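Colleague: All chains, please: the whole structure from these sequences, using the hints.
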Amino acid sequence: MNFFIISVAVFVVFCFFSFPHSVALSRDSSASAASQDPLKFILGSPNFGSWKNGISLAPGPSAEISDYLVLAAHRTKRPDILRAFKPYHGGWNITNNHYWASVGFTGAPGFILAAVWLLSFGSLLVVYHFCKWRVCVKAKGSSYDLRIICFILLIVFTCVAAVGCIILSVGQDKFHNEALHTLKYVVNQSDYTVEILQNVTQYLTLAKTINVTRISIPSDVMGEIDKLNVNLNSAAQTLEEKTSDNAAKIKRVFYAVRSALITVATVMLILSFLGLFVSVLRHQHVIHIFVVSGWILVAVTFILCGVFLILNNAISDTCVAMKEWVDHPHAETALSSILPCVDQQTTNQTLAQSKVVINSIVTVVNTFVYAVANTNPSPGQDRYYNQSGPSMPPLCSPFDANMEDRQCGSWELSIANASSVWENYVCEVSESGNCTTVGRVTPEIYIQLVAALNESYALEHYTPPLLSFRDCNFVRETFVSITSDYCPSLVRNLRIVNAGLGLISVGVLLCLVLWIFYANRPQREEVFADSHPQIKDGSFDNGLVHHHSGDESKVSVECV
1 MNFFIISVAV FVVFCFFSFP HSVALSRDSS ASAASQDPLK FILGSPNFGS WKNGISLAPG
61 PSAEISDYLV LAAHRTKRPD ILRAFKPYHG GWNITNNHYW ASVGFTGAPG FILAAVWLLS
121 FGSLLVVYHF CKWRVCVKAK GSSYDLRIIC FILLIVFTCV AAVGCIILSV GQDKFHNEAL
181 HTLKYVVNQS DYTVEILQNV TQYLTLAKTI NVTRISIPSD VMGEIDKLNV NLNSAAQTLE
241 EKTSDNAAKI KRVFYAVRSA LITVATVMLI LSFLGLFVSV LRHQHVIHIF VVSGWILVAV
301 TFILCGVFLI LNNAISDTCV AMKEWVDHPH AETALSSILP CVDQQTTNQT LAQSKVVINS
361 IVTVVNTFVY AVANTNPSPG QDRYYNQSGP SMPPLCSPFD ANMEDRQCGS WELSIANASS
421 VWENYVCEVS ESGNCTTVGR VTPEIYIQLV AALNESYALE HYTPPLLSFR DCNFVRETFV
481 SITSDYCPSL VRNLRIVNAG LGLISVGVLL CLVLWIFYAN RPQREEVFAD SHPQIKDGSF
541 DNGLVHHHSG DESKVSVECV
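Each step along the sequence shown adds one to the number in the working numbering, with nothing skipped, and position 232 is 232.
Hints in this document: simulated from the structure, not taken from any laboratory.
Here the structure is a predicted model, which means the values were calculated and not measured.
Just so you know, even glycine gets a beta-carbon here, dropped at the ideal spot from N, CA and C.
Errors might be hidden in some of the hints.
[As the list claims (entries may be wrong)] Derived DSSO-like pairs (lysine-lysine); straight-line CA-CA distance at most 30 Å:
#1 LYS174 - LYS251
#2 LYS323 - LYS249
#3 LYS227 - LYS208
#4 LYS86 - LYS184
#5 LYS184 - LYS249
#6 LYS323 - LYS242
#7 LYS227 - LYS174
#8 LYS208 - LYS249
#9 LYS184 - LYS174
#10 LYS174 - LYS323
#11 LYS249 - LYS77
#12 LYS323 - LYS77
#13 LYS323 - LYS208
#14 LYS86 - LYS242
#15 LYS174 - LYS86
#16 LYS227 - LYS249
#17 LYS184 - LYS227
[What the hints assert, rightly or not] What follows is a set of in silico ranges between Cβ atoms, one per label pair, in the way DEER data are often shown:
#18 ILE148 - ALA248: 48 to 58 Å
#19 ASP400 - ASN376: 26 to 36 Å
#20 LYS77 - ILE148: 45 to 55 Å
#21 TYR370 - ASP405: 16 to 26 Å
Modeller: Here you go:
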């Protein structure tokens, strides 16, 4: 049952989510893209929109400690069965047994009705069969009207049970589909979060491969990338495993509930019509089998009513808890264990390290521009490939030494348009690899420069979605969507299911009584009484003959 609730939020939502319109990359497509052109892999993803200057919003690593917030505190004040029915004050917390004990108490009406029904009707059946107790109905004249009324009521209550079966079938189907839809939405959001973390890791890993004429980023930066990737991979793996495990458990609960409801609806519908048919044909012994079966199944429907009352309250509690969390996303709550925002320290380290990597890549590029491309070495000297012509403009670093935003100089090129400008400085080469026309870079070197530019662009524009994780905006957006789009329909469909179960219980319950009366209808006894007796018989006493005659009135007595 615990896992059912994690589905609404997840159920409720055990990880970090993305915006509803985002589309997650599949692992297969990511792997195949990575095995192809890394530049296309970085820039070809439609998942990430432009986050202009987003990375500059990342502060340095910091830790934040929040106060604990009790979610849905007012709504969850119920008797706690595990504490001798003392009030529960822990709020919404699906990991707390006392919370489930208090929610379980809300199903007490259904369980009590089931127990009362089993005991009371069972006692009547025992008295009826073993004590030979009989109910006699006396009616002056014919009992035809009584049988007609009984038959009409039997038809009506059978129809009530049938309508309840139909409502239950429709309600459970809607509830099942909506619940799976909610779960699918939550899982997709979680999967998208995993993809973002994995892609950021791949961006950082690709940065280690940047090499422009054997000039690469410093080894200490590579070491920091390796350390950060360990944390990111661990976070992504933990989130993915938790999502997969909980989703599988939730689905099993959904399908078990659906199977139980379909079985109850089908069996009750068949039982109702067969019971009507058997009672009309007066199969007195067979009807007893149907009565006992109906007696047990009515108790089952009462129990299911109690179970769905519990689910209804648990889902409502979850929806209220999510609404309250939206207003206090950074507070320590019961949701924190299953729905943490991405750890702020890890997120800040990732964003800060991305700035360092971007600056390192810019340094690699500009080192080549100043030390190789814009020089005029003599033939035979190191890094000579007959470069000539106007000097190439350098690349602008978006951050200064303190990792703060800086304005680009008029002589510098931005990361966004550098590749198109540098294309004008590409020369044609001979078989030996030297330029045969005016130019500062060969086609091969130009490809290396573009790879460095694309990697910088990816880190600058596609890493900032982590800001949304750190600020809990991702989770907040998802919770708002769940509480507004999914919670109302889930609660409404649960009420439909309960209404169907209630109609089935009442309809079959009343049918059971009428089956007994109508199937045994009855052994009929006629008693004759004379209200004005006149004696008509012959007596040879004294030769007198006495005659007795009068009006006879017939009283019909029917016993069951």
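Colleague: Does the structure keep LYS184 and LYS174 at a Cα separation of 30 Å or less?
Modeller: holds (15 Å)
Colleague: Given the hint that LYS174 pairs with LYS251, does the C-alpha gap stay at or below 30 Å?
Modeller: holds (15 Å)
Colleague: Between LYS323 and LYS249, is the straight-line Cα distance small enough, at 30 Å or below?
Modeller: Between LYS323 and LYS249 the Cα gap is close to 25 Å, so the pair holds against 30 Å.
Colleague: What's the verdict on LYS174 and LYS323, does the C-alpha distance respect the 30 Å limit or exceed it?
Modeller: Roughly 24 Å between the alpha carbons, so the hint for LYS174 and LYS323 holds.
Colleague: Need the status of pair LYS208, LYS249: alpha-carbon distance at most 30 Å?
Modeller: violated (40 Å)
Colleague: Within 45 to 55 Å or not, the Cβ separation of LYS77 and ILE148?
Modeller: holds (53 Å)
Colleague: Under the criterion that the straight-line Cα-Cα distance not exceed 30 Å, is the pair LYS86, LYS242 satisfied?
Modeller: violated (34 Å)
Colleague: Given the hint that LYS323 pairs with LYS77, does the C-alpha gap stay at or below 30 Å?
Modeller: Distance ~18 Å between LYS323 and LYS77 Cα, so the pair holds.
Colleague: For a C-alpha distance cap of 30 Å, please report whether LYS227 and LYS208 respect it.
Modeller: Cα-Cα ~13 Å, so holds.
Colleague: Holds or violated: LYS323 and LYS242, Cα atoms, limit 30 Å.
Modeller: holds (23 Å)
Colleague: May I ask you to test the hint 48 to 58 Å on the CB atoms belonging to ILE148 and ALA248?
Modeller: holds (56 Å)
Colleague: Mind checking the alpha carbons of LYS249 and LYS77 for me, to see if they're no more than 30 Å apart?
Modeller: Answer holds: LYS249 to LYS77 is near 28 Å, not above 30 Å.
Checked against the numbered hints above, the structure breaks hints 4, 7, 8, 13, 14, 15, 16 and 17 and satisfies the rest.
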